[in-house]
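Novice: Each chain, letter by letter, is given below.
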Amino acid sequence: MSEESGEDGPSSPSFEERLKAARGRQGLDAPPPLSARDTGDMGGMSPWGIGLRVGVELVSALVVAVAIGYGLDRLFGTKPILIAVFVLLGGAAGVLNVWRLFAPRPTRGPKVQDGGR
Amino acid sequence: MAAGGSIDALGQFKLEPALGHIGASVNFTQANLMMVVAGVLTFGLLWLGMRPRAMVPGRLQSAAEMAYETIYGMCTEMIGPEGRQFFPFVFTLFFFILFGNLLGVFPLFFTFTSHIAVTLALTAFVVGLVTVVAIRIHGWHFLSYFVPEGVPALLLPLLVPIEILSYVSRLISLSVRLFANMMAGHVMLEVFGAFVVMLGGAGIIFLLPAAFSLAVNVALIGFELLVATLQAYVFAVLTCIYLHDAVHLH
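In order, the protein sequences belong to chains A and B.
Position one of the first sequence corresponds to residue 1 (the working numbering), numbered consecutively onward.
Position one of the second sequence corresponds to residue 1 (the working numbering), numbered consecutively onward.
Calculated from the structure, these hints are not laboratory results.
The structure presented is a predicted model; accordingly, all values stated were derived computationally and were not measured.
Misleading hints may appear alongside valid ones.
[Said to hold, decoys possible] If you want the ones that stay clear, here's a sample from chain A, every Cβ over 12 Å from chain B, calculated: (1) 14; (2) 18; (3) 19; (4) 47; (5) 49; (6) 53; (7) 61; (8) 75; (9) 76; (10) 77; (11) 81; (12) 100; (13) 102.
[Stated by the list, open to error] If you want the footprint, here are the derived chain A segments under chain B, 3+ residues with CB under 8 Å: (14) 62-74; (15) 87-99.
[Unchecked claim] Among the chain B residues that face chain A by a calculated CB cut under 10 Å, a handful are: (16) 25; (17) 27; (18) 29; (19) 169; (20) 175; (21) 230.
Ideal Cβ placement from N, Cα and C applies to all residues, glycine included.
Work out the full structure: start from the sequences and follow the hints.
Specialist: What follows is the structure, encoded as structure tokens:
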């Protein structure tokens, strides 16, 4: 409270900012950082939901990679090599998916706002 | 349900021809019938709901307006102002899946979203649309989506395939999530339903566990309702996120 009143003091130049802060305090504006996009739509999810989601993300990348590796192996006749490479790549892609799920998105906020203006 | 003392948990997902001989001749199954029902229900909700055009909405009109505004807000919030052009698509997708999931909770009805063929087709459509939108807006610049920022060029041959795999794996993760949730729920219902019948018929001392299974099934039905709505929502939200990525790249 003291922090906010400091912001709202007469030294604060922008009326827009003060209005926005006031509206935010009253809950008139939907606070943008709470949108599902920034929390990785984890807001209302149970631990079971999160676990299932992480599992699906990990496995799906691996499934796609194995399918591609197997197909390319059949195509080029290089039986075990490409599937081995793609299993590694698929595992990495799965970890990337999970990272995307949980990573804070520092570059996203301003970009979304730019699009909104 | 429990044929010969064993639990046939997957028999409920078998496709049967619907509508008698006409349906059988064109392979019109009960899944197709349920899709039509879902479409008709969505249309009916909006048409009947919005017919009174009342200033103070009644119950059905409130439901229709709330549905419209929720999805509209989701589109504009997540995709940006461009999201308005995708609103009809996301709306249709959400309500098709929502009614598909919810219809499956009713007895004797069929859950068409418990078939991976259906969910994969929906997902393929979403991913295809996202790719087409991205290419139409950005042209060849779309390929920069697969190049992470601030990475030394030496690592790119390794990272670009990983990014592409991550992009393609949406196909599987989106479809499997919906399919697995719906199928798992209905298998659980079937298993506990079979418990009730088998234990109830086994003798007087098994009546208590049978009652317990029945109680579990009641709780599961409620849980199914939650999962049905949540999964439809998650599908729509993820579609919006993918569309945002397609419109804005990163």
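Novice: Indicate, hint by hint, whether the structure satisfies it.
Specialist: Hint check results:
1. No Cβ of chain B approaches the Cβ of residue 14 of chain A within 12 Å, the least distance being about 24 Å, so the stated non-interface status holds.
2. No beta-carbon of chain B is positioned within 12 Å of the beta-carbon of residue 18 of chain A; the least distance is around 24 Å.
3. Non-interface status of residue 19 of chain A relative to chain B is upheld: no Cβ of that chain comes within 12 Å, the nearest being about 21 Å off.
4. Under the 12 Å C-beta cut-off, the non-interface status given to residue 47 of chain A relative to chain B holds; the minimum distance is some 14 Å.
5. The Cβ of residue 49 of chain A sits about 8 Å from the closest Cβ of chain B, inside the 12 Å cut-off, so the non-interface label is violated.
6. The non-interface label for residue 53 of chain A is inconsistent with chain B: the shortest C-beta to C-beta separation is roughly 7 Å, within 12 Å.
7. With a cut of 12 Å on Cβ distances, residue 61 of chain A falls inside the contact zone with chain B, its closest approach being about 4 Å.
8. Taking the minimum C-beta to C-beta distance to chain B, about 16 Å, the non-interface status of residue 75 of chain A holds against the 12 Å cut.
9. A cut-off of 12 Å between C-beta atoms confirms that residue 76 of chain A is not in contact with chain B; the least separation is 16 Å.
10. Every C-beta of chain B lies more than 12 Å from that of residue 77 of chain A, the closest at about 21 Å, which supports listing it as non-interface.
11. Its beta-carbon lying about 15 Å from the closest one in chain B, residue 81 of chain A satisfies the requirement of being farther than 12 Å from that chain.
12. Against the 12 Å criterion, residue 100 of chain A falls within the reach of chain B, whose nearest CB is about 8 Å from its own CB.
13. In this structure residue 102 of chain A is separated from chain B by more than 12 Å, as the shortest Cβ-Cβ distance comes to about 14 Å.
14. For the region 62-74 of chain A, the proposed coverage by chain B is satisfied: 4 residues have a C-beta within less than 8 Å of a C-beta in that chain, meeting the threshold of three.
15. Check on the region 87-99 of chain A: 7 of its residues sit with their Cβ under 8 Å from a Cβ of chain B, so the three-residue criterion for coverage holds.
16. Annotation: residue 25 of chain B was flagged as interfacial toward chain A, and the flag is violated, the nearest CB pair being 35 Å apart, outside 10 Å.
17. Contact between residue 27 of chain B and chain A, as hinted, is not supported at the beta carbon level, the nearest pair being about 28 Å apart and thus beyond 10 Å.
18. Look at residue 29 of chain B: its Cβ only gets to about 27 Å from chain A, farther than 10 Å, so that hint breaks.
19. With 10 Å as the threshold, the beta carbon of residue 169 of chain B comes within range of chain A, its nearest partner Cβ sitting at about 4 Å, so the hint holds.
20. Restraint check, residue 175 of chain B versus chain A: the minimum CB separation of about 9 Å is within 10 Å; hint holds.
21. A cut of 10 Å between beta carbons decides the hint on residue 230 of chain B: the least distance to chain A is about 8 Å, and the hint holds.
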